[in-house]
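We have chain A; now place chain B onto it with these hints.
These protein sequences, in sequence, are chains A and B. So in my numbering the end of the first sequence lands on 247, straight run, no missing numbers. So in my numbering the end of the second sequence lands on 277, straight run, no missing numbers.
FYI, nobody ran anything at the bench for these hints, they're computed from the structure. Warning: the hint list may mix true and false statements.
Covered by chain B, per the in silico footprint, the following chain A stretches (three or more residues, Cβ under 8 Å) [said to hold, decoys possible]:
hint, stretch
1, 145-154
2, 172-179
3, 236-242
The beta-carbon is built from N, C-alpha and C at its ideal position, and this holds for glycine as well.
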Amino acid sequence: QKEVEQDPGPLSVPEGAIVSLNCTYSNSAFQYFMWYRQYSRKGPELLMYTYSSGNKEDGRFTAQVDKSSKYISLFIRDSQPSDSATYLCAMSKGESGANSKLTFGKGITLSVRP
Amino acid sequence: EAQVTQNPRYLITVTGKKLTVTCSQNMNHEYMSWYRQDPGLGLRQIYYSMNVEVTDKGDVPEGYKVSRKEKRNFPLILESPSPNQTSLYFCASSFQGLGYGYTFGSGTRLTVV
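Chain A extracted, bound-state conformation (with noise of 0.2 Å):
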């Protein structure tokens, strides 16, 4: 069993939907969560980072971790064509040092219709 797991896609979605994002892992070490969103021909930034279980939002960007149930998500609402994109999950065992190698998951690409 990977590490990581994403739902592999691709996805596509209408402007204005509600789209989820989700991975699991098996690690129960990992503690930092994040996710990665990245355009074609470009490297990966972070969108949205949360320490372990709960909820965080930024914007249309809301990320929740459920650690009891080894679960991340990331929704977006009011999704717009700007938000079509690869979206990678990532997490960490520790905040620094070699605990914060991030570990991937292998990403999912979203395309959100006009």
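Frame of chain A, contents of chain B only:
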């Protein structure tokens, strides 16, 4: 502008011909890392460096070398490239290795024929 700069952006080479992909950051970050991204496999760490002269293997180090002689630079060296190293490569840096502080370069697409 704070950034990680990789060169070249695109490279086609032949099997066995040594090559170097350069990476430079202007944020005074201690931590730098190289990843490769392949369809169906996602991002996998090749090597990382916690500081000058301190490097360590990631998940897929075979066939690669790195060096960290200066804080800002972290080149990736392929001594004898093979077709299975055809991939999209990313350099990343962060302050003290903070996972949520990674800044990625724009990538180097390497094709080995």
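Has the stretch 236-242 of chain A got at least three residues whose CB is nearer than 8 Å to a CB belonging to chain B? holds (count 4)
Between the stretch 145-154 of chain A and chain B, are there enough contacts, at least three residues with CB-CB distance under 8 Å, for the coverage claim to hold? violated (count 0)
Per-stretch coverage check for the stretch 172-179 of chain A, three Cβ contacts closer than 8 Å to chain B: holds (count 6)
When each numbered hint is compared with the structure, a violation occurs for hint 1 only.
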